[in-house]
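Okay, here's what each chain looks like letter by letter:
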Amino acid sequence: MESKLCDGDERVVRAIRSSDWDCKKQRWSSNLFTGPDTSVSRLKILELKKLFIIFFRQLHKPPAHEVLAAGEIEVNHLQKLGNEFRPNGKPDPRVITVIEKKLKDNPAHAEIRERLPRSLSHKIIEELEMHSAPSIPWWVKITKRVDEIIKLLKGSRN
Amino acid sequence: MTAITIEDRFGSSDKVKLKNDTDIWGNYFSGNSIGLLRSGLSGEVFDTTKAADTLSEKAQQILGENGVQRYEQFKLYVAGWDSGDGQVLSSHSTAILEKFLNTFDSFPDEPSIFFTRNGNLQLGWEDLQSNVLELEFFPDKIEYYIASNDKEGEVDTSQDSIARFCDMLTSL
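Protein sequences, first through last, are from chains A and B.
Read the first sequence against this note's numbering and you will find it ends at 158, with the numbers running on by one and no gaps.
Read the second sequence against this note's numbering and you will find it ends at 172, with the numbers running on by one and no gaps.
Honestly, the hints are just simulated from the structure, not real lab data.
In this text, all values refer to a predicted model and were calculated from it rather than measured experimentally.
Check the hints yourself; a few may be wrong.
Here chain A is said to cover these stretches of chain B; the calculated rule only asks that three of the stretch's residues, wherever they fall, bring their Cβ under 8 Å from a Cβ of chain A [unchecked claim]: (1) 66-73; (2) 87-100; (3) 116-125.
Here are some chain A residues the structure puts well away from chain B; computed CB gaps all over 12 Å [unchecked claim]: (4) N83; (5) L120; (6) T143; (7) D147.
Beta carbons are placed, not taken as given, at the ideal position from N, Cα and C, and that holds for glycine.
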């Protein structure tokens, strides 16, 4: 099946987790965008509030693994950064493709297909607009717990 | 610039640029315990043929309390942690990190430790001119990014290669 490209004027967000961000030292890992197949979510499909709930349900496993924030960027801007990539002053333009890739639990899911250099990833990170993670709604905590119990019950049956 | 705060709520999160000088969420992890760490490696020449599941005393000193705490958390990640793809912490990656830290300890500040979906550890810090340095420790190589000369590459994990690499880092 052919993948559909996201529009250039769309804005996407990347969930930022404790594995990629040392919040005490305020440092970021290039892993956020080196990829390949970097997961992002499309704000055109779901608003940030709903996306955070999805991130919490899918990715948030405290205390070890936490969703701390989300970084937002426009697809056009992402592609411009790739096109203008000049390591050591030498032009080395990179194509950046953002494709729709809906998931059962996240209809806004998309992927940046390419593997990107670490330096380009850091440049992208510098350009992100950051949104801090809100408090987790109580009902998300409960539904996560129910999911875990169902998983345990399924496991004990097998 | 506005600092990101944990108190933000839905609908009111500020859009902010990175590189705040504020200690954002500085106390966020303060309630977590670090766990007792033991190391049979301190004071010994590190044997890189072995995998490692704990950090030596020297590595703990270099990484500091925050880094050790993060490392202990990475050890708790289960297979599939990255939307089904993430691997558990590679003890070989820990061994290569140890090997590197046994050769290089000239960090201007405590480096940060990160964890990749391949199960590798990564170190990140800044040089005296605030340029980023980043290393990822694979079981058979170290990949690096040095922002001051915009250079990316890799070195093998032989003692000679790591020693030459560390000399180069020291000369920056």
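Now for the hints, and whether the structure bears them out:
1. 66-73: It holds, with 3 qualifying residues against the three required.
2. 87-100: Result for this restraint: violated, n = 0.
3. 116-125: Coverage by chain A holds here, the residue count being 5 at a Cβ distance below 8 Å.
4. N83: holds, 17 Å
5. L120: violated, 10 Å
6. T143: holds, 17 Å
7. D147: Correct as stated: the minimum Cβ-Cβ distance to chain B is 14 Å, above 12 Å.
Of the hints listed earlier, those the structure fails to meet are numbers 2, 5, in rising order.
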